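**Student:** Using the sequences provided together with the hints, build the complete structure.
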Amino acid sequence: MSATRKLLFLAVILALVASAGWLMAGDSPSKNPSAPMDENKKILHALNRFTFGPRPGDVAKVRAMGLDKWFDQQLHPERMDSSAVDARLAPFLTLKMSPREMVANFPPPQVLRMVENGRVAMPSDPGKRAIYESRIVAYNQQQAAKKDEAAGTPQNPQNPRAKAGKKANGNGDDAAMMADTPAENLTPEQLKERQKQQESAMYADIGAVQLLDLSPEDRYQRIIKMSPRERLSLGRSIQGDKVLQLVDGMKPEQRETVQAIVQPQAVVGGELAQAKLLRAIYSDRQLEEVMTDFWYNHFNIFIGKGPDRYMITAYERDVIRPHVLGKFKDLLSATAHSPAMLFYLDNWQSVGPNSALAKFGPEGARMADGGFMSPFDRRRQQQAKQQQQQAKNRPSGLNENYAREIMELHTLGVDGGYTQKDVTELAKVLTGWTIDNPQIGGPAAYRERAHEPGKKYVLGHEIAEQGQAEGAQMLDILAHHPSTAKFVCKKLAMRFVSDNPPQSLVDRMADTFMKKDGDIREVLLTLFHSPEFWAADAYRAKVKTPLEFVASSARAAGVDVQNALPLVQTLNRMGMPLYGMQPPTGYSTKSDAWVNSSALLTRMNFALQLGSGRLPGTTPNPQALLHGSSPQDSGAALAALEGEILSGDVSAQTHAVIQKQLNDPEVMQRKPDDPGRTPNYGAIAGLIMGSPEFQRR
Amino acid sequence: MSITRRVFLKGGALAVVGTSVVPSFLTRAVYAAETATAGTSKKRLVVLFQRGAADGLNIVVPHGESAYYSMRPSIAIPRPKGSEGCIDLDGFFGLHPSMTAFKPLWDAKHLAIVHAAGSPDTTRSHFDAQDYMESGTPGVKSTEDGWLNRAIGGIKEKDASPFRAVAMGGALPRTLAGTIPAVAMGNIREFAVGGRSPGAGATAASNSFEAMYEQSVDTVLHGTGNETFEAVKMLKSADPEKYTPAAGANYPRGRFGDSLRQVAQLVKANLGVEVAFADIGGWDHHVNEGSVQGQIANITRDFSQSIAAFWTDLGDLAEDTVIVTMSEFGRTARENGNRGTDHGHANVMFVLGGPVKGGRMYGRWPGLQQEHLYEGRDLAITTDFRQVLSEAVYGHLGNKDTSKVFPGFDKGSPKDFLKYLG
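Those protein sequence lines, which keep their order, are chains A and B. If you're matching positions, the first sequence starts at 1 in this note's numbering and goes up one per residue. If you're matching positions, the second sequence starts at 1001 in this note's numbering and goes up one per residue.
Keep in mind that the hints were calculated from the coordinates and are not lab data. As the structure is a computational prediction, the values presented were derived from the model and not from experiment. Just so it is clear, CB atoms sit at the ideal spot from N, CA and C, and this is done for glycine as well. Some hints could be false.
[As the list claims (entries may be wrong)] Mimicking DSS-like on lysine-lysine, the simulated pairs with C-alpha atoms at most 27 Å apart in a straight line are:
no., chain 1, residue 1, chain 2, residue 2
1, A, LYS660, A, LYS42
2, A, LYS96, A, LYS421
3, A, LYS515, A, LYS327
4, B, LYS1236, A, LYS660
5, B, LYS1357, B, LYS1042
6, A, LYS590, B, LYS1141
7, B, LYS1109, B, LYS1042
8, B, LYS1141, A, LYS491
9, B, LYS1042, B, LYS1419
10, A, LYS421, B, LYS1141
11, A, LYS491, A, LYS329
12, A, LYS660, B, LYS1233
13, B, LYS1404, B, LYS1042
14, A, LYS69, A, LYS96
15, B, LYS1268, B, LYS1043
16, A, LYS491, A, LYS42
17, A, LYS490, B, LYS1141
18, B, LYS1081, B, LYS1109
[To be verified] Stretch-level coverage of chain A by chain B, calculated; a stretch enters the list once three of its residues show a Cβ under 8 Å from a Cβ in chain B:
no., segment
19, 567-576
20, 598-604
**Tutor:** Here it is as structure tokens:
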């Protein structure tokens, strides 16, 4: 143990002793709800609000450092070392990829078609080649299945499930993009039967068990040498935890290759979600993670919408993260210029009804640019245009989706004082903000030809015709609008203080927002220095969201996460799939969205699993949790664990209930007459993390 | 009264619960199970929400309107013609061709359709419109509870079943929020401490958690905790593991089919379900909506097949069941520039049930001529969604105080009903 760790340990012990004292005193909450918290509660409160929950020893660390200094450090994440968490993220190669690279590595159907047509060369790298070959076979099977289905009448009772399971997610391309995941669900019974036969035949040949017994390198080589059909069958027969076994021990590139073959959709989204959890659990730059989560959720994008799957890694990394503590206007502008957002809210397809593109097609007359044309030419042009329009599935009108959501959800708020007319006019302003080849991960682009000509009138402003600059002007107006200040600050206060934050606090924050040009760091400082934030009734006023609960549990228990996928799946079960919120509203941070029977049971079960080490991929670490001490007496163990997980602030009821369980051999896994064995710390920790207290922050 | 004796006779089921004291809800459930066989079972209302603003005009197609075809050149559903185009209902309206599962229900006069229905509020925000519809108070944001909770709130029950109000999904929907305890569940099989495969210690842990939440001073968590543990025990006694749907009830794969299968499971297990809620997302078709094929076809197929399977699965219990569907608003009458539709106004509602006088259209059709459109772009509303719901609450659930269910709404009394109930 190093000297600093020894000091830390001492500090923790002191903290525990101290906390035991204020636990007794703190049991009956202060009669004045707006009175400030005491110093210990303040530290715990700050840790609960500005991080994903305290780790063992954090309270003591902050006390030693001083709250103000600690907060200042959190406000400047760039000054903190991140090498530890970076090392944990290193295996996730997609985190550093551009959308184009992802498309090349995990090819969607469009790219596969290009390879088949010979327009793009088959990659020569054996790993990549294996992915492409397998996905092409899968794609062709899919197409054959679709044909079979189309041949049957819709009423065919043999085929009632044909398409029913398919998700329809707001975009036609989704059908194709999504098609390669739950494909099995969709194919007709006959085809399924045939595949099953092939699979069982092949299974007998390779013997999946044998495959899993090979060394990682041999396993990889064996998979790469299979025929594409064999590889696909392998993917279908290996599901769930077995997939983890299949890639266990492989190098990151190898793992991604095998995953791309067996679970192509899971690679990008899976790595992103795991990275998010690992950062939330292990990063020292906690406030940066909290704010990245907050702003991603504010400017939410759903991973399941077409090529957004390939765009949101870059979106979070390059658009959201650099600005989370910066200026709101930069954040707004960056999202508006991102292909991910332009695709998600359909703006890339929005075309001014009077634009050159709508009138003359992609390559039509130069008239819009001032050229001259005879009436005859014009008529011919018109006819050609109509033909073109019918021939091509080309967007030719306004799409209001983004214009509406940018005002309702990103800036002004639904009561921020805009009308349907403002929505339509803003949609016109934003015409031409599009994407070059979104399906292959292309960048955002401005296309003058699609831009609606003429003046626009939004929110009482006359916007002169000036192409893309109109949009920039409107974003500036929106970013600095008083309604935006109020709306954004209220949302921040709801995240950091309570579901119904005091108006005085929101007003003060909004005032800073307006005076400091939407500087988020300044707004958070105002929050931090406001009495409402430290008022007694703000303490544990927030119920944790599932993400906050899972991350804070892992942090409090000091577990070692080797594989975060089971944590990701837990969040799916709790109704909060990461990057999986389909509507643009993002997830609620209010308690009523998350407190219900089903969610509560899932939380308790997760707590028990995590504590007892039954959650795959996660190992309990009592050494970390108890700083190397190992109390033999179960009463002492309970006190120590309460001290760590709840910083000692446990209710008398919860304490009594667990105390009662301590002698239950079923819970403690030891015989009453065998006091020699150490208490089951995991079972106790599980009960504490499932308690009402731990559901709040 | 010999409830005690009956409970004793049913001891096999009670033994599973493993408590020495028989909880009151259980005696009631067992009692209900007995009386149900005597033919006095409960009336049920099942509410289905299509989230994302379904395109009612492509679901129940006004094929007798020429304006419909001129406004939707690429996404209109063709007029009925032999086995092609939409499925004709009455010579003017037709079902989307992928909704063949609904036709037998219409022919058997169980399925009624209310067109041009919706919320009078002018918002075109998904979030606000869903909120208003679920609270049952368009334009009023401060309403804290949902209309369906208020609907059963008026019917006082002693020892009510914790399954009186159930919702499928990870979160309790706004529609069911309120003072009457409501249970949300993602998956019946995992609804217990220890989950699907409780290991050693699960029972003890369950008891611990139960005690912690029962004694907690945290009002929010205390309430939910109590509801949860009561429901867990009751569900366990009903042994849902052994469930297989009725013959011919072919639920499509997917979340919505799963939800309805599990609602049927709870209803058939006689747990005292009075109102149930499920939702289906993915209707927000701004781009490439499709016509006879495509996104709208896929989702309407899933939607209609799931509901038809649910109906079949309920068997005789369908007699006492009313199912009503809704969506926050409709979509623009015209298609947009991306072969999709934007946010609109009125929509279509389905009402299906034993006591429903189906096989006919209800409500007044406002027409799609330019001058009839709401704000010059959307189907106008001629029936307030609360009129439809009030009738179900009043006539089917038997809560006559509809002014409490839909405060501020003056068309919730019998004189304004569409009279779709017998």
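**Student:** Determine for every hint whether it applies to the structure shown.
**Tutor:** Here is what the structure says about each hint:
Proposed proximity of LYS660/A and LYS42/A is contradicted: the alpha carbons are some 31 Å apart, above 27 Å. A distance of roughly 42 Å separates the Cα atoms of LYS96/A and LYS421/A; the hinted pair therefore is violated under the 27 Å criterion. With a C-alpha separation of about 12 Å, the suggested pair LYS515/A and LYS327/A falls inside the 27 Å cut-off, and the hint holds. Annotation: proposed proximity of LYS1236/B to LYS660/A holds, straight-line Cα distance about 25 Å (limit 27 Å).
Only pairs whose Cα atoms come within 27 Å are accepted, and LYS1357/B paired with LYS1042/B is accepted, the gap being roughly 20 Å. A C-alpha spacing of about 15 Å is found between LYS590/A and LYS1141/B, which places the hinted pair at or below 27 Å, so the restraint holds. With a CA separation close to 22 Å, the supplied pair LYS1109/B and LYS1042/B stays within the 27 Å bound. Restraint check: the Cα-Cα separation between LYS1141/B and LYS491/A comes to about 17 Å, which is no more than 27 Å; the hinted pair holds.
The suggested pairing of LYS1042/B with LYS1419/B holds, with an alpha-carbon distance near 21 Å, which does not exceed 27 Å. At most 27 Å may separate the alpha-carbon atoms for a hinted pair to count; LYS421/A and LYS1141/B meet this at roughly 23 Å. The hinted pair formed by LYS491/A and LYS329/A meets the criterion: a straight-line CA distance of about 16 Å does not exceed 27 Å. Annotation: proposed proximity of LYS660/A to LYS1233/B holds, straight-line Cα distance about 22 Å (limit 27 Å).
This hinted pair checks out: LYS1404/B and LYS1042/B have alpha carbons roughly 22 Å apart, not beyond 27 Å. For the proposed pair LYS69/A and LYS96/A, the alpha carbon gap of about 32 Å is over 27 Å, so the pair is violated. As the CA atoms of LYS1268/B and LYS1043/B are separated by approximately 13 Å, the hinted pair is consistent with the 27 Å bound. For the given pair, LYS491/A sits about 22 Å from LYS42/A by alpha-carbon distance, which is consistent with the 27 Å threshold.
Distance check on the hinted pair: LYS490/A and LYS1141/B sit about 16 Å apart at the alpha-carbon level, within 27 Å; holds. Between LYS1081/B and LYS1109/B, the direct Cα distance comes to roughly 23 Å. Compliance with the 27 Å bound is thereby established for this hinted pair. Check on the segment 567-576 of chain A: 4 of its residues sit with their Cβ under 8 Å from a Cβ of chain B, so the three-residue criterion for coverage holds. Coverage of the segment 598-604 of chain A by chain B holds [criterion: at least 3 residues with CB-CB distance below 8 Å; count 6].
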